[in-house]
Every structure is written in C-alpha cells, then in structure tokens.
Amino acid sequence: MEEFAALLDALVYTTSRNRKLALIAAYLRSAPDPDRGWALAGLTDGLDFPAVKSSTVRNLMMERVDPVLWALSRDFVGDTAETASLLWPEPEDAAPQAPLTLAEVVERLSALTRATAPKKLPLLFDRMDAKGRYALIKLATGGMRVGVSARLAKTAFALAFGVAVEEVEEYWHALTPPYTELFAWGADGGPAPDLPGVPRFRPFMLAHPLEDGEVDLKDYAAEWKWDGIRVQLVRAGGETRVYSRSGDDISASFPEMLTVLPMDAVLDGELLVRGSTQGGEAGGAASFNALQQRLGRKTVSGKMLKEAPAFVRLYDVLLLDGTDWREHPWKSRRATLEALMGRLPASHFDLSALVEAQDFSALAAIRDTARDEAIEGLMLKHRDSPYVAGRKVALWYKWKRDPLLIDCVVMYAQRGSGKRSSFHSDFTFGCWDGDPDAGAELLPVGKAYTGFTDAELKQLDKFVRQNTLNRFGPVREVKRELVFEVAFDSVHTSKRHKSGLAMRFPRIHRIRWDKPAHEADRIEALRALIKD
Amino acid sequence: MTAPFSWIRPEPHGIHVVPADIWVDPSRAVPRALVTHGHADHARGGHGETIATPATLAIMKLRYATSDGAVRVEYGESISLGSGVSATFLPAGHVLGSAQILLEHAGERVIITGDYKRAPDPTCAPFEVTPCDIFITEATFGLPVFTHPPITEEIGKLLDARTENPDACILVGAYALGKAQRVIAELRAAGHTDTIWLHGAMEAMCRLYEEHGVMLGDLRLVSDATKDQMRGAIVVAPPSALNDRWSRRLPDPITAMASGWMRVRARARQRGVELPLVISDHADWNELTRTITEVNPQETWITHGREEALLRWCELSQRRARALALVGYEDEDD
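As they're listed, the protein sequences go chains A and B. Position 113 of the first sequence, counted from 1, bears residue number 113 in full-length UniProt numbering, the numbering being contiguous throughout. Position 183 of the second sequence, counted from 1, bears residue number 183 in full-length UniProt numbering, the numbering being contiguous throughout.
Treat the hints loosely; a few may be bogus.
Claimed, not checked - Below 27 Å or equal to it, Euclidean Cα-Cα: the simulated DSSO-like pairs (lysine-lysine) are:
#1 A:458 <-> B:157
#2 A:306 <-> A:495
#3 A:419 <-> B:227
#4 A:131 <-> A:218
#5 A:303 <-> A:531
#6 A:531 <-> A:462
#7 A:498 <-> A:479
#8 A:131 <-> B:227
#9 A:462 <-> B:157
#10 A:419 <-> B:61
#11 A:515 <-> A:447
What the hints assert, rightly or not - Rough simulated footprint, nothing fancy, chain B against chain A, three-plus residues with beta-carbon under 8 Å:
#12 65-73
#13 78-91
For the record, the hints were derived by calculation from the structure and aren't laboratory data. Glycine is no exception: its CB is placed at the ideal position from the N, C-alpha and C atoms.
Bound-form chain B, shown alone (with noise of 0.2 Å):
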C-alpha cells in the first residue's frame, strides 16, 4: 500500500500524475499531456499527446498549426489513461473549451481546476461543483481586494463612454483568446448592434468562436476602416497594442482595459487606462473562498497566483492546503 495521493506529484514544471506518466498544463513539451484549456501559459505546443476538449484542441490547432497527437474528450466524459488512472473533463467557464480535469485513482479524486470562474459567461459552460479529496485551484485573484463587479455594470460603462464622445472611438485592451469575445458577447446582450472593430489578432480566434456556436455580430478590421468610419465606435485590441504604433490609426481612441487587475487604480494608471473595466475570466477571492468552501476537500492545493492569502484564508478556516511552486502561469493580461 502506498501512501495517499503518492500517484499525483507537483512539479516545477507541472502536475505529474506518476503511474499513467502523464502531465498536466505542463509548461515544457512532454510525452502526454493532459491540457485545462487554451491560454498560452496552459497550453504548450510540442507535445507527443495532447487530451483536451474539442474547442481547446481547435484552438490549439490555431495557435500551433499543428494537431497531432490530438484527443478529444467531451464535457463529462472520462478516459482510462492507463495503470488504473482515469480522467474526467468538467467545464470550468474561464473560456471557451476551458474544463477542470477530475483525476481518480485507487479511489482517491483529485480535481485540477486550470483557470475558472463562476461568474456567468455567455460564451462557455458554467463551472461545475464536484466533489472531491484534494483540489487543486488557482488564485490569480488571491487576495481579498479582488471582487468583481457584476459585467452588466462595466458593460453599461463601455457604453456610456461611447455615448458619451461621439466623436473618439473607444478602445478595450482584451485578451484575445476569451475576454474579447465575452466582452464583445455582452456588449451584444446589452442590444449593442453596430459594427465592433478588431485588431487584426482578434480575427481567428472571433470566428472560431462563431464556428462553436458563438455569435459575436457583426466584426470587422480596423486595418479596412477610416478614421471617421470609428469614430463613435468600439474597437477591440489585444492589451500590448493600446499603446503602440497601431492604436495612432484610431480618432482620439479613449483607452479602456478589460481585466480583473483594474480593480487597483494603480494598475490601471501604469498602463495608461483612462476607462477600466473590472472584467475578469478568473475567480474572485468570494469566488475562489465559496468554491474550496462548497468543494469542501480534505485539502486544497494552490498553483498559481497569490496563494499567500488564500493559505491564509484556509488556515483561518481551518482547511489543509498548501502552495505549489509552479512556474510559467502567468495573467498580467487577464
């Protein structure tokens, strides 16, 4: 008998699930490869084989242009990884395709959250609550100043900018892969019907998430307008082209940033915002502490973020935890 929990080992580099010989996010290229979903820092290219849902595997074939060694596992659907460990994909609602992968193994489970939010998203599957004995979650958002304001709320000040400056265009530095095209799906919910412009990185990813049943409306390049066709209108932008050569194209672009991080008005004034928006694809400290507190494991383990407060908070509760030093998650951009 071995001891408890032996068969899954943090690494460095990854989780390591020891008898299948199979890594979870890993951050450099391994054999297999179990992927949460497909933000560059969870998803590497390069692997030998690569188990994720359908639409991270399709946006894995964006980025790499590669999708060999591919397999598909649906929402709910759990696959024998050999040596008696099976894994279960479980949505996650951080971004489109985004899952938690339950682990089980001589009957102990083991939940792997990768990226998650509870918050309501049009644009993927809501996290599902599932029980298990160690669960293993971020903590971007780790640290009790984080909460995030319902989106209808920063949806409606995006708007009454734009109402507000007829004559500037407004500009919303969002992650390409997931918060442009929330961002862009709620300005739709809130009966915003006119043409929203994209930076010409956002392009793929936008109709990707059209082809899985997403509709974003009507989208069109920034690199086929006039000036004067975006003044009064919205314009979407990967965060690192707010204030770069490319934003000199745009009619006195008032600069907005969707990301938790704006939460902090230093955060934003670093960058240069003059509109954040709290807008945020990860859980919140409410959110992170009524998960682990409905999830109720034996022990909660923390990859990435600020995990500092998050301990504390579970040692206040009186939860087990632990911080693991992953390296290479990053989410300055989130």
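Bound-form chain A, shown alone (with noise of 0.2 Å):
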C-alpha cells in the first residue's frame, strides 16, 4: 500500500505524460501480483467499493474532529478525502503492525458493508500514515483524478513489459481486476491469455493524413468520413459491447446497439444518430453536435433513446461466425461486409458506400463538395490492405476537406504546461458581436494552444507580457490588437458558451501581427458557418 499511495502522490504532482508513463511502468515492474493488477484497476477507476462514500467518510471525521475545525480545513483544502486524510487522529501507542499489501487493503475494503464500514475503516485508517490515508480513500471512493485515462496505463504496461500496446488493449477489456493473466503473460513471459466467449476489444487500424500527393484509384478505394465517433461492436458468448477508439466500454451509452447484433462478430463502424445533416436525407446522420449529447452517459433515459436514436455505419469486419479476417485484404472483407448486411437489421445498422469517382481529380472534386453535406473528408483504402493496429504508412488515409478560416482577435492569454510553463502559449480569442468602430464587443469564439513554431510562440509570449491589462493567476488578459487566423473544422451551436457557439478542433493557422483588430470577423461570419 505505501508503494501505492507514493504512486498516487508523484502521478498528482507530475503533468508530462512521459514522466506518467515513467512512474507508473516503474511502478508496474517493481510491485508484486496481484498489488500492480489492483493499482492498475484503482488508477483507471476500475474498482468500486459501494459500502464506503465520500459521506461515510465525513461522518468518521465528525465523531473525531470537532465539526467547526473540520469544516473550515475542509473548505481550505477542498478535498474531502485530503482533509480526512490529514486530520484523521492517529493512534499514539499503537502497537507496531506488518505493513498492508494493497491486495490486503482491496480485500477488507470489498468486505465492508454500509453497516461495518463505519467500525472497520478506523481499523485501516489507524495502519497507515497521512500519504496512505489520502491513497486508501481515494481507492475506496473513486476518482483518483490523476490524469490517467485507460490508454495511458495501457502504454504504462507496453512499455514497463516491453510489449505492444495493441496486444495490451486487446486483452485488457477481456479480463477483470486484479488482471492476473495480463500480468502472467506482459510480465512473466507467460502465454497470452486465452479468452473464448468474451466480448474484447481489437485495436483499431487507423489512417494517415493525406497531406500532398494523389493515390491511384485503382489501388485505393473511397469512401466518406463521416462524423460521428468510430466504434467497435463486439459480440461474443452472446453478450455485445461497443468499444471506443481508445479502448474504452462504451456500452452503457448505447444500450439500444447492445441486443441487434445476431451473431459473433467484431465489426469496425461509424457510430451516428439518425438525421440528415450529414449527406442529407440520403446521408441518414445528424451532425456531431445531436450525437454529443449522448456521450459519457452511465444510463439513457427512454426520451433520449427516441429523439436521438443511434445506429451505426460499417466500415469493416474483422471476425464474423468464427473466422478471423484481419488478415485478408481490404476488398475481401468488404465483400463479406456487403453480403452481411442482409443478416443486420436496418434499424441499427448500414454499410457506408464507397464514393465511385473516374479519377484523382473527379474525387477531388467530390470531396470539395464534402462541407455542404456537412461530412469531414474522405478515406483512402487500400484494396489489399490487410487489417493493422496503428498507423501503417500507405494503406489508409484520411483526406479532410480544408479547414475553415476566421479572422480572430486575441482576448486572453494563458501560462502553458511542462517545457511551455514560461510561455503563455493557451490563447483565447473572440469575434466582434457587432461594428467595432461603433463601440461593438469581443465575444470568446473558442481556445487553442497549438499552430504555431517555437520562435513564433517566443514572439507570442513577448506580445502577451507587452500588452497586459489584468492579470488573473495564470492568465492575462491582453489589449485587443493581434489577429489570429485561426483554422477550424467546423463550428455548432453551443448552450455553454456565451457567443452560443462552438468550434470543432480550432488551430492557429496564420499569426496576422499585420492586420488591425477592427478588421478581425464579426460573430455572424461564424455563425453563417453553422451546419447543425
């Protein structure tokens, strides 16, 4: 458990991913199982202790502390668990005890009931020092809040074992905590885990930009890139799940997608609600900003189901009735992909069209259209590209249409992280809600901390610290004189933000130092962009 709690604090203090990576794989390589499999299980919120609440908790402190120092500690530190952690009473006398293991702390923490817990949970506490205490709860309670999603522990293990992420991603969902047969094969040399009738994710193949350049179209098939989130329905023993790109269980979101698949497959598609934004009545999508709201739910009222129903379109197979076919080349499994979707009901699912083009510059042409039908880009395929985790050069690409422009001006500016912690490098900028030589205002448009090269970010920061007028902690706000260009690719409508407006993927695209702010766009320019 100490090793754990140390963890947990180096990973709190720590913002780059690598020294993450770093700790963690450190960490994973030097604690015996089945600790590294809890730690792993805590650190992505895997665990679930339902006898212990943050309010058990509180309740604890309250018999022991008086009630006016705890709530004035509490409201300094802002954390519950924090609080408790440093004001819990340790025992004077207490006879010297063996250290727990974390499995030891995991064990007693899943005997606990709402009845016990309040007996039981001072008997731990009393065992550990404040590091531990903060570690314990935190464990008990969920929400470590470190910064670590499920990809970063995943790339943890890769690297602390010396083996692929991908293989690491694919086993992973199949097992549950404390992840014993990951360990004894990523570890331990051990052979890998042999999981018939589970559900498990597959690494998703993905594309490269299409930066410059043609491919022949003979070689390479096209079809949309439609903008919804990429999926992964699963089924097998009978159970579906629907994974994220990263690996993430997803299900719980989409139950409607979990009782439609009739057979064992694991099929690569787009997932979407039912509209026609995207290609319009044809096209059968709504925009991304309808599917948003159905994301990160834990459960989905029956209303949501109805307005906003999901299904998704297919791009891929890569096993069906018992056959693996992520060896076979591309137009192999798009023949197997056509002649399923017969076995598929229609309700939930259909198969996204390859767009016929007589060459490179007739596709180009098709994709210039892409932005009216309010739909990302194309794909590139190639026709005997096998199915690969990753990015592989030349086999699949991307081909977004071009971004968007407007003409921004800078409102704020803010203090970045790790090498950029000097520089103010997150900047904020807004649109003219009206004439600006007749008084008009600034409102925010969006944020973005990336387009530009290190000696433009030196010139940036310079700008920034010339032209101050307010300062709050990290972030000034500058006079409005710099023009941004920012590059976008799309923009929707938004309840959270104050314009009512909100950009998809904003990027600095050209620094204007040479354009007057009066000249920058005025906010209806953005909402005329609008493809809801």
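The task is to assemble the complex, starting from two chains supplied on their own in separate frames and drawing on the hints.
This is the structure:
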C-alpha cells in the first residue's frame, strides 16, 4: 500500500505524460502480484466499493474532530479525502503492525458493508500515515483524478514489459482486476490469455493524413469520413459490447446497440445519430453535435433513445462466424461486409457507401462538396490492405476537406505546462458582436494552443507580456490588438458558451501581425458557417 | 486608574502602544516603530525611528538602502520607550534577527510574537517561551491540517530527487529571506557540499547571513553558469521565478517549492510544483496550540492568518481570545 500511495502522490504532482508513464511503468515492474493489478484498476477507476462513500468518511471525521475545525479545514483544502487523511487522529501508542499490502486493503474494502464500514474503516486508517490514508480513501471512493486514462495505463504497461500496446488493449477489457492473466503474459512471459466467449476489444486500424500528392484509384477505394465516433461492436458468448477508439467500453451509453447484433462478430464502424444533416436525407445522419448529448452517459432515458436514436454505419469486418478476417485484403473484407448486411437489422446498421470517381481529380471535386454535406472528408483505403493495428504508412489515408478560416482577436493568454510553463501559449480569442468602430465588443469564440512554431511562441509570449491589461492567476487579459487567422473543422451551436457557438478543432493557422483588430471577423460570419 | 491593557491598542495598520505613541510592525510609515523581523510585510521603510535587533536592522538597510533612525536592541535587552513603557526583544525562531517583543507597562506584560516557529533552525536563535498576560500571536498556518514534518525528511526528498535525476536540475523556490538560507544550511548539514546555484535576487541576503555567522558553503550565481554545469545541481530561486522566463536557462528543471502551503496538494498543483517540500518558517497548528498552552496567558490575541480556527481552539480549550483585524500581512510565499 505504501508503494501505491507513493505512486499516487507522485502522479498528483506530475503533469508531463512521459513522466507519468515512467512512474507507472516503474511501479508495475517492481510491485508484486496481485498488488500491481489492483493498482492498475484503481488508477483507471476500475474498482467500486459501494459500502464506502464520501459521506462515510465525513461521518467518521465528525465523530473525532470538532465540526467547526473540520469545516474550516475542508473549505481550505477543497477535498474531503485529503482533509480527512490530514486530520485523522493517529493512535499514539499503537503496537507496530506489518504494513498492509494493496491486495489486503482491497480485500478488506470489498468485505465492508454499509453497516460494518464505520467500525472497520478506522482500523485501516490507524495503520497508515496521511499519504496512505489519502490513497486509501481515493481508492475506496473512486475518482483518483490524477490524469491517468485507460490508454495511458495500457501504454505504461506496454512500456514496463516491452510488449505491444495493441496487444495489451486486446486483452485488457476481456479481463477483470487484478488482471492476473495479463501480468502472467506481459510481465512473466507466459502464454497470451485464452479468452473464448468474451467480447473483447481489438485495436483499431487508423489512417494517416493525406498531406499532398495523389493516390491511384485503381489501388485505393474511397469512402466518406463520417462525423460521429468510431466504434467497435463486439459480440461473443451471446454478449455485445461497444468500444470507443481508445478501447473504453461505452456500452452503457448505447443500450440500443446491445441487442441487435444477431451473430458473434467484431465490426468496425461509425456510431451516428439518425438525422439529415450529414449528406442530406440520403446521408441519414445528424451532426456530431446531436451525437454529443449521448456521449459519456451511464444511463440513457427512454426519451433520449427516441429523440436521438443511434445506429452504426459499418466500415469493416474483423471477425465473423468464427473466422478472423484481419489478415485478408480489404476487398475481401468489403465483399464479406456487403454480404453480411442482409443479415443485420436495417434499423440499427447501414453500410458506409463507396464513393466512385473516374480519377483522382474527379474525386477531389467530390471532396469539395463535403462541406455542404457536413461531412469531414474522405477516407482512402488500399484495396489489398490487411486490417492492422495502429497507423501504417500507405494503407489507409484520411483526406479531410480544407479547414474553415476566420480572423479572431486575441483576448486572453494562459501559461502552458511542462516545457511551456514559462510561455503564454494557450489563447482565447473572440469575434466582434457588431461594428467595432461603433463600440462593439469581442465575444470569446474559442481557445487554441497549437499551430505556431517555437519562434512564433516566443514572439507571442513577448506580445502578451507587453500588452497585459489584467492578470487573473495564470491568465492574462491582453489589449485587443492581435489578430489570429484561426482554422477549424466546423462550428456548432452551444449553450455552454456565451457566444452560443463552439468550434471543433480550432488551431492557429496564421498570426496576422499586420492586420488591425477592427478588421477581424464579426460573430455573424462564424454563425453563417453553422451546419447543425 | 485606567482600564487594564487600554495602553495597547490594535489598529488596522499595526499595534499602537498609546502612552509612548509607538507602533509595532506598522504597515505604513510612522514616527516611531518597533519591528519584529525583516520580512517586507512587517518591516516597512520610511519610519522616523526604527527599533529592532541588529540583524533585522541590517536586513532593512540592505532592502531600503538607509538606516536613518535605527535603534539597535540585542536579544534579552530591555529598552525604555518613555511614559513608563519598556520593550524587551526575545528570539522568535522565525528568521535571522526575528524577535518577539515583550512590552511592559504598569505591571502588565504583553508579548507580540511577530512570526515565529518552534522547530529547530540553524540560521537563527530559537523561540523562548516567556510568561505574559496578553499573548499576541500569528496564525499563518492556523488550521489543524497544517503539521510541518521534520525538515530532515523534506531535505531527504530533495536530495533523493537529485540522485534520481542526474541530468536535470532541481529548482527550489524559497523565500529570499530566511527560507532560502535555511534550506541551504540544512542541505549542508545533510552532507551536501556541492555548489548550490542562486538566482541573483538571493545573493545579497545570503552574504548578509554569512556576515552574521551563518555559513552556507559554496554558492554561485546561475547567471555565471552554463546549462551543463547545472545538470544534477540544486538551484535556489524566489518562488516568483519558478515558472518565469528566468527558468528557461536551466536544464530540464524539476520544480520544487519549500513552503508550509505544500502540505495541501491543490496548492502545489496550482503553482506547477512537481516536488513539494513542506518546509515552513511559521509555527504549524501543533506549535501554535502548544505555545499558547506553555505561555498560558490570560488572553490570546491573533494578528493574522487563519484566525477563525485558532479562535475556535481557544474557545474549546476555554481560553480567552480575540482576532485582530490587521491588514497588510501576507505570507503566500512562506
């Protein structure tokens, strides 16, 4: 437990992704089984101890600490777990006991009930120091908030034992904590976990951007790049799961997809919501904005299922009827997929159509219509490509339509983190809400921190320092003088922003040192680009 | 016969000793001032007469480039302030030259602690517990969550981080007066004899400490170093320089901060601190409550900090106490 507490503490203070990876990897190499498996589950919020709630901890403290002192402390610290870990009255003359392992802690926490927790939890607290208590409470109540995603944890595992992250992903979701088989394979060189009848995730095949140049359409097939979320639908042993691109199990958010796949299969597709924004009536899909309200939910109301019904537009087939198709060329998989469509309910599945064109320039002309169709762009897939994990050169390309551009005025700048911590590198910019020469104001429309060179970053930092109007902690308000040409993929209505708009993927395209701020765009110009 | 203790009056800008018309740590210029220690929020420039310990006066001279009206008082020495008021300076253990001031008038004794701590510190004389009627204490870390661990543990963390990162440098943010010198002196005591690199703003104060007999070993300026020289080294800078342009010259710095606030994770994260060192020159909760118990005054007055919690503790311990609404004291960088 001490080692896990130290890891958690180190992660709290580390912002760099590489340092986080190194910390987790070092822990996974040195910690014994099954501690390291429990740690992995704890870090990725994969554990649940329903008998211990934040209120359980608060009640324990109220019996031991003056309520006024507790309230003042909690207000200052801002976190119940941390406050409790610091204020817990340590026993003065306790007989020394062997430190608990993480596995022993997990075992004891699992055995707790609502009734026994108030008596048993203090015994655990007594055996630890403040750092240990903090880790214990976080473990028990969930929500580590140390910036460790499932993807980061898998990458750390791969790094620790020199195995491919794609393979880790493949087994991870099929296993349960403490992932004994995963460590037996990865860390101890044992055989790969044998997992029949488990709907497990397979790593996605990804595409490179097509920067310049052309491909020969004899070798490559074209498809629309639909603007939803890429999912993998897996059925095995009678159970269906939906996985996101990062390998997270998002089945709970899309219950309508869990009962409609009639055979064991692994299918790759775009999850979309019914509508007519993308590609018109024929396209049959609503905008990404409409899908967004369905994301990240643990339960979905009947109303939402009716108003924003989801379906999957299929791109590819990985496994079907016991056959692994991944080694087969794309054209065979495509034929298999087309033949499969008759066996799938049209209410929840359709096929991503191929885009036919005489030659590349004709295809380019078709791509230029993507904007009007509210589609992200085109995918180009080599007809002979196997389905391989990750991004492999020359097999698949994404060919996005050109970005939209708008001129905005820089309003606020914030310091970056890590190597950029001394530079103001995160910018909030706005458009005018009327005629700037008649007293119009700027409304913030977006934030961006990419798209400039290191040399430009230095110039921008200097500009911010010389033109600061106000400081709010790490944020500076600057004179409304500098114009950015901002590139973005699309813009949607949003209730969360004062401007009522939200851009997708904004980045700084050019710094317009030459352009006076009053010549920047007005909010109407941006609003005209909405395709909801 | 006047009311008891009516001769001493807390005002927003300091504590007024009425019969002698003299102020303790006033936050604006006055004709006559008693100064507990050299931190800028207690020792302002521009007073007509400044009564303080020799070290505090030296610090003020360094900061304000003038020593007009300076009156030196050694620890343990009493000075008559006129109108039947006398002042005695007693060590407070906060920083070099820091003093509690014992004021006596008509048989009544009042101690103003200024800032203080009870933990050992090789750079200054230790706090002396002295009986009094009214004990006027600080409460910077007046919350029970604040307990400062032994400094050797924290110095150990710093040295471990250095060993584990031979290609990086450890950049330690530390208040330029007191904290920086204490960290350096404790590093020396732990056997660290290598060059410690300083931000320019630290240099003069470190020299002053050495002139007062606090030996700090081999110190050099970052501005004279190459990037490679600082790999594997410890660099000390004021907290404000940690994430500023100045730090760009350092090789992959790991940001540490020596402060009592580092006890709370959110405080460390807010400042981008990767290696929090809980090192404070103020009394922690246990030291505050223990000191009040030991001094055992009739009444405790609390000058600044998180006074509500300490007031509550006094109430629970059945001790008379009140909070003074003094302005201008801040210890964000301790």
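Checklist entry - Do three or more residues of the region 78-91 of chain A come closer than 8 Å to chain B, measuring C-beta to C-beta? => result holds (count 6)
Checklist entry - Does residue 531 of chain A lie within 27 Å of residue 303 of chain A when you go C-alpha to C-alpha? => result Distance of about 24 Å is within 27 Å: holds.
Item to check | residue 131 of chain A paired with residue 227 of chain B [C-alpha distance capped at 27 Å] | outcome: Roughly 35 Å separates the two Cα atoms, so the pair is violated.
Checklist entry - Does the structure keep residue 419 of chain A and residue 227 of chain B at a Cα separation of 27 Å or less? => result holds (16 Å)
Checklist entry - Keeping to a limit of 27 Å between CA atoms, is the pair of residue 531 of chain A and residue 462 of chain A held or broken? => result This hinted pair is violated, its Cα atoms lying about 37 Å apart.
Item to check | 27 Å limit on alpha-carbon distance, applied to hinted pair residue 458 of chain A and residue 157 of chain B | outcome: Given that 27 Å is the threshold and the Cα spacing comes to 34 Å, the pair is violated.
Checklist entry - How about the region 65-73 of chain A: do at least three of its residues have a C-beta closer than 8 Å to a C-beta of chain B? => result holds (count 6)
Checklist entry - Does the structure keep residue 306 of chain A and residue 495 of chain A at a Cα separation of 27 Å or less? => result Status holds; Cα separation ~22 Å.
Item to check | Pairwise hint evaluation, residue 479 of chain A against residue 498 of chain A, where the allowed Cα distance is 27 Å at most | outcome: Holds: residue 498 of chain A and residue 479 of chain A sit about 20 Å apart, inside 27 Å.
Checklist entry - Is residue 515 of chain A close enough to residue 447 of chain A, meaning Cα to Cα at most 27 Å? => result Status holds; Cα separation ~20 Å.
Checklist entry - Is the hinted pair residue 131 of chain A and residue 218 of chain A satisfied, with a Cα-Cα distance of at most 27 Å? => result Violated: residue 131 of chain A and residue 218 of chain A sit about 62 Å apart, past 27 Å.
Next on the checklist: Next pair to validate is residue 462 of chain A with residue 157 of chain B; report whether the Cα-Cα distance is within 27 Å.
Outcome noted: Violated - the C-alpha atoms of residue 157 of chain B and residue 462 of chain A are around 36 Å apart, more than 27 Å.
The structure fails to meet hints 1, 4, 6, 8, 9 and 10 from the earlier list, while all remaining hints are met.
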